[in-house]
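6 protein chains.
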Amino acid sequence: MLIVVLLAMASSVVLASDPSPLQYFCVADKASPELIILTGYFMFPLLVNGFVCKNPMDVNAEDFFFSGLNMPGNTNKRLGSNVTAVDVKKTAGLNTLGISLARIDFAPYGLNPPHTHPRATVVLTVIEGSLLVGFVTSNPQNRLIFKVLNAGDVFVFPEGLIHFQFNRGHKNAVAIAGLSSQKPGVITVTNAVFESNPKIDESVLAKAFQVDKKVIDYISPEPVMDGQ
Amino acid sequence: MLIVVLLAMASSVVLASDPSPLQYFCVADKASPELIILTGYFMFPLLVNGFVCKNPMDVNAEDFFFSGLNMPGNTNKRLGSNVTAVDVKKTAGLNTLGISLARIDFAPYGLNPPHTHPRATVVLTVIEGSLLVGFVTSNPQNRLIFKVLNAGDVFVFPEGLIHFQFNRGHKNAVAIAGLSSQKPGVITVTNAVFESNPKIDESVLAKAFQVDKKVIDYISPEPVMDGQ
Amino acid sequence: MLIVVLLAMASSVVLASDPSPLQYFCVADKASPELIILTGYFMFPLLVNGFVCKNPMDVNAEDFFFSGLNMPGNTNKRLGSNVTAVDVKKTAGLNTLGISLARIDFAPYGLNPPHTHPRATVVLTVIEGSLLVGFVTSNPQNRLIFKVLNAGDVFVFPEGLIHFQFNRGHKNAVAIAGLSSQKPGVITVTNAVFESNPKIDESVLAKAFQVDKKVIDYISPEPVMDGQ
Amino acid sequence: MLIVVLLAMASSVVLASDPSPLQYFCVADKASPELIILTGYFMFPLLVNGFVCKNPMDVNAEDFFFSGLNMPGNTNKRLGSNVTAVDVKKTAGLNTLGISLARIDFAPYGLNPPHTHPRATVVLTVIEGSLLVGFVTSNPQNRLIFKVLNAGDVFVFPEGLIHFQFNRGHKNAVAIAGLSSQKPGVITVTNAVFESNPKIDESVLAKAFQVDKKVIDYISPEPVMDGQ
Amino acid sequence: MLIVVLLAMASSVVLASDPSPLQYFCVADKASPELIILTGYFMFPLLVNGFVCKNPMDVNAEDFFFSGLNMPGNTNKRLGSNVTAVDVKKTAGLNTLGISLARIDFAPYGLNPPHTHPRATVVLTVIEGSLLVGFVTSNPQNRLIFKVLNAGDVFVFPEGLIHFQFNRGHKNAVAIAGLSSQKPGVITVTNAVFESNPKIDESVLAKAFQVDKKVIDYISPEPVMDGQ
Amino acid sequence: MLIVVLLAMASSVVLASDPSPLQYFCVADKASPELIILTGYFMFPLLVNGFVCKNPMDVNAEDFFFSGLNMPGNTNKRLGSNVTAVDVKKTAGLNTLGISLARIDFAPYGLNPPHTHPRATVVLTVIEGSLLVGFVTSNPQNRLIFKVLNAGDVFVFPEGLIHFQFNRGHKNAVAIAGLSSQKPGVITVTNAVFESNPKIDESVLAKAFQVDKKVIDYISPEPVMDGQ
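So the sequence lines, in the order shown, correspond to chains V, P, Z, S, R and L. Per this note's numbering: the first sequence = residues 6 to 233. Per this note's numbering: the second sequence = residues 6 to 233. Per this note's numbering: the third sequence = residues 6 to 233. Per this note's numbering: the fourth sequence = residues 6 to 233. Per this note's numbering: the fifth sequence = residues 6 to 233. Per this note's numbering: the sixth sequence = residues 6 to 233.
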């Protein structure tokens with residue numbers, strides 16, 4: 006035997022794209038070990054666009070199940086909010102199906118800061134407390150569409166637009182959200198612009214925000230410790 | 006002037022398809038009057054695939070808003086369940102965005118009977134009470150994938166498969182669901198097979214269910230009064 | 006070396022999704038051995054959304070070919086009908102191309118029972134004999150759209166709707182159908198609702214059909230032996 | 006009243022795109038009069054991507070029906086072949102559903118000449134007679150994949166590739182084909198290259214085919230009279 | 006006659022979605038007057054997802070043409086850059102075809118500031134001068150992928166990610182870009198976050214950027230005058 | 006151990022389809038060795054619909070980069086033109102993103118001969134020189150839409166239609182084009198119809214072009230040596 010191959014599949018291995026699944030479900034195969042290819046001295050994972058499917062005969066109810074969305078998330082963080090996502094990583098049966106759920110907890114004055122989901126619209130309903138929410142439309146209008154939501158209220162944040170949710174009250178707030186992707190992705194503006202790795206050239210940011218470089222320094226003095 | 010045309014747009018007028026909207030949102034224009042075309046003696050509505058968009062300049066926060074999802078639905082019906090859908094008909098801002106929410110209320114022993122959503126996967130979380138839920142896979146296996154859910158539990162019902170939720174307990178149950186379409190559509194098996202208008206030929210049903218025509222008569226003696 | 010990996014690819018291995026193939030064809034590679042991953046003590050097939058492609062250089066006319074659609078299918082079955090599908094399993098060249106053909110044979114009084122194809126519209130033309138055909142629209146109208154077809158007649162069964170074809174005459178009937186998927190999938194209502202494995206709880210079915218549990222027992226006394 | 010508007014809808018008016026219809030069907034509204042907009046002195050039809058939908062309440066079985074596919078087409082033409090298409094123009098119920106049927110008749114030595122359907126794969130089965138069929142793969146291989154088909158044989162012509170069917174025998178031949186679009190479109194090579202209106206500059210064609218301009222003249226001396 | 010209707014079509018009227026056009030082209034009908042519906046006292050435009058198609062018989066070469074992409078854009082603006090887009094608004098023939106071009110001019114030290122195109126990937130090639138370009142990946146890595154480009158260099162900015170181009174030199178720079186949508190849309194971070202209308206609550210921004218409200222005031226003291 | 010498997014991935018291995026990537030980018034993994042499966046005596050590559058993704062952690066700016074589009078291509082060929090494509094094979098970061106660029110060089114009287122891209126619309130801008138360009142619409146009109154382009158002019162060639170570009174002048178010409186696919190594919194009419202391998206039966210071509218077989222012989226006397 007000259008060459009031996011080890012295939013171990015990373016939990017992030019992806020093969021299927023979103024639209025038009027070719028079977029009723031294609032449960033992500035999280036039980037599989039990391040798929041690594043050893044060829045002589047090289048070793049690398051097989052990563053593709055979507056997750057591989059678990060053998061339909063081995064699929065069971067647990068693959069479509071998640072437990073604990075009634076439990077508060079930990080909001081003891083810099084921004085006072087926490088997102089518990091029930092996406093394809095948590096519930097493998099969501100693979101290829103174009104939807105996920107999330108619970109968002111807010112401490113008093115907790116903020117889910119300005120961010121976008123380029124692959125998902127969010128529809129959110131407030132379960133408890135009150136939230137100031139909003140999104141901003143694209144150039145050139147840049148209109149802020151905002152609303153204060155109370156329990157039972159529902160709000161839509163269209164795919165690709167920058168949006169936020171802010172708990173202005175002194176009590177906790179809780180929301181449940183549906184997202185139109187099993188793997189929505191998140192781009193938080195502050196993280197992307199001021200806390201990238203490496204950082205964006207200060208000249209670029211100073212010019213973009215039309216401020217002195219010192220202000221850019223002040224906003225972004227050191228790496229992030231936690232965050233959304 | 007020989008011909009005068011009246012265009013009044015039905016609130017169900019649809020122009021946009023699901024994938025790849027060409028703007029960030031296309032709020033369904035529910036405020037527009039019915040669009041009717043009068044040509045001489047004829048008059049007809051303009052119906053297409055999706056809803057027309059409201060002028061973006063006239064869009065406001067109300068278009069993305071719905072209120073009252075914390076209110077119990079009326080379960081005093083034949084099957085003891087009620088679905089409150091927050092879809093494009095209720096929240097015009099969902100137009101083209103591929104997602105909706107729903108609240109499902111169950112009286113004790115209430116049933117959301119076997120049905121399919123050909124355009125949507127459902128992800129449901131139990132807010133209160135307990136539910137027996139399940140879906141059946143396609144031919145030839147026809148496996149029943151089922152689970153008893155309690156508060157905080159989440160379950161996935163893949164697009165196109167027949168599924169149900171049943172409250173086996175003597176208390177009310179409540180669930181919140183995300184659906185992967187702004188206009189999911191529902192085909193309830195009993196309605197489609199036994200209560201269509203007109204009814205399917207008894208010979209067909211007797212042969213399909215491999216029973217005597219009397220049984221078909223027994224199951225389907227008269228038109229439905231309410232239902233999902 | 007601690008771990009050795011065996012990759013053998015199941016003939017049902019699927020990698021490509023329906024829309025927008027990236028080459029002109031992607032012939033399903035049915036000649037490949039089962040792809041199995043042996044990691045220590047575990048062994049499992051690699052299943053994804055669609056079929057892998059045969060090397061384009063090895064593709065030949067046989068991959069796009071099927072023979073025998075002029076041969077009557079065996080209708081000596083419980084329901085007196087037989088479907089001969091020319092789909093991606095039979096003709097590998099259909100992979101990713103979104104279409105398949107089928108021949109349906111009906112013995113006298115043969116029935117293709119109420120069923121749906123969640124991934125395909127059917128367009129059927131009668132070659133011989135006569136058929137009562139119909140489909141039922143969704144909630145809340147549940148209209149039955151039906152027609153008696155004779156040789157040369159064509160009828161459309163829209164994707165996702167429950168439909169049937171019934172040979173009411175005492176002669177054989179034959180139809181040729183085009184389906185808008187290379188792998189349409191079938192959900193037969195009686196199989197899914199009364200003959201699932203395990204069976205759906207009788208309480209659910211009795212309530213859904215608004216009949217006594219004895220009727221459910223009568224309809225579904227034992228497992229199916231054959232069927233569509 | 007300064008301006009009067011006349012809306013009359015052309016039978017070719019199109020509003021819906023192919024993927025993901027938002028209702029189960031969207032029957033093309035062929036009964037509607039031409040939709041024309043008169044604004045002052047201007048008058049123009051409203052043409053969009055797909056057909057408008059007939060009111061679902063007015064839809065009936067005739068919308069999903071076509072009759073006469075058992076009738077031979079007229080092959081008394083220059084190339085000795087005839088295509089009878091059952092597409093959205095013939096059967097309005099096919100609108101948005103992504104499939105159509107066709108019957109192709111061939112006189113002895115009749116030819117369906119090299120052409121492409123950029124929006125559809127063809128799956129064809131021979132009902133009667135014998136056909137030489139083939140398609141050519143793309144650059145740089147340009148492989149001809151061909152086969153002689155007899156009754157009951159099926160062949161696939163992948164979307165976008167140039168293909169032909171030729172009756173080499175002295176008897177008639179008949180085929181039934183499924184196409185993966187309700188409106189496939191046809192580009193016949195000879196029509197597009199040698200018979201366009203106006204004609205392509207002879208210098209271009211002479212250089213492309215690496216022949217003298219006289220040969221181009223010889224091939225394309227005058228406008229086409231009939232053809233596919 | 007009680008009601009008279011005026012239909013005048015806005016040049017921004019949109020009917021077709023991106024994927025799978027149903028004809029080879031669907032030229033946006035810019036020549037049509039505004040489509041306005043007058044019903045008694047109300048008057049509103051018809052806006053949908055995409056543009057209506059010009060009558061194919063009236064289409065000519067001008068519909069697929071744009072002139073002047075060799076002319077420098079005006080960079081005498083706050084940020085020293087200018088984008089000349091050849092999109093569906095400029096070249097109506099691009100309607101439904103999923104692509105557009107752009108020329109970007111940079112004065113010395115000119116910046117195309119951090120922004121996203123949620124519906125388009127950009128592929129850019131430098132024609133003249135030198136540019137520092139980059140994009141930032143999503144949470145949680147937020148990696149900055151950057152490069153200095155010179156004439157003849159090409160760089161890809163994936164759909165949905167925040168990116169920028171900066172002319173660090175003292176000479177002009179010019180780039181030509183392809184974008185994967187006929188109507189890409191732009192969200193400039195500074196405009197959306199600091200210059201929306203109305204402005205986002207300072208408490209939200211101060212918390213998001215983890216700075217004092219005075220810094221937010223400093224960055225965003227007054228409305229924008231020009232910009233990208 | 007009876008069977009040993011070697012997986013080495015061909016650089017043309019394809020896994021992802023065009024629409025809706027599930028991450029922001031999925032860089033084609035060109036660095037991976039050929040993926041070959043050895044099962045006993047058989048050995049074959051794994052080919053699927055799209056390319057596998059490089060590990061996101063290993064992605065760097067080079068993956069999104071191409072250099073040299075300012076360099077003239079070699080036009081010393083039969084037709085006097087040369088296409089330099091910056092597609093997914095050249096720039097791996099284009100994988101799944103639906104766009105590519107190309108530079109086309111024309112010697113005096115150079116021709117990019119009649120061809121189609123079944124998966125891409127082309128938008129071309131002339132950088133230098135002058136070009137006669139055109140495309141032909143589908144049956145039955147077969148209209149030639151043409152234009153003479155000079156520097157700074159832009160023209161659109163809709164997906165699937167036969168088109169050409171011809172340098173009628175005695176100076177070189179250069180164009181830059183955007184294409185709406187990362188892997189557009191090319192079918193050149195003369196190659197497909199007269200130079201396929203094996204050749205199309207002369208009877209078919211003589212009948213299609215309505216000429217004597219000698220003319221077909223004259224046009225296609227021997228295999229192609231170079232070409233587009």
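Some hints could be false.
In this list, chains with the same sequence are indistinguishable; a pair is considered to hold if it fits within one copy or across any two.
[As the list claims (entries may be wrong)] Cross-link-like lysine to aspartate or glutamate pairs, in silico, EDC-like; alpha carbons within 20 Å at most:
{"#": "1", "residue 1": "204", "residue 2": "222"}
{"#": "2", "residue 1": "204", "residue 2": "67"}
{"#": "3", "residue 1": "82", "residue 2": "217"}
{"#": "4", "residue 1": "82", "residue 2": "200"}
{"#": "5", "residue 1": "204", "residue 2": "92"}
{"#": "6", "residue 1": "219", "residue 2": "206"}
Source of the hints: derived by calculation from the structure; they are not laboratory data.
For each hint, the structure was consulted:
Within a single copy, residue 204 and residue 222 get their C-alpha atoms as close as 11 Å, which meets the 20 Å cut-off; across copies the closest is 24 Å, which misses it. Taking identical chains as interchangeable, the C-alpha atoms of residue 204 and residue 67 lie at most 20 Å apart only when they sit on different chains, with a minimum of 19 Å there against 42 Å within one chain. With identical chains, the CA atoms of residue 82 and residue 217 are at most 20 Å apart between copies only, with a shortest distance of 18 Å across copies and 30 Å within one. For the identical chains of this complex, residue 82 and residue 200 are intra-copy neighbours only, at 17 Å inside a copy versus 28 Å across copies, given an alpha-carbon limit of 20 Å.
Proximity of residue 204 and residue 92 under a CA criterion of 20 Å is satisfied in neither setting, with 30 Å inside one chain copy and 30 Å between copies. Taking the shortest alpha-carbon separations for residue 219 and residue 206, only the intra-copy value of 13 Å comes in at or below 20 Å, while the best inter-copy value is 24 Å.
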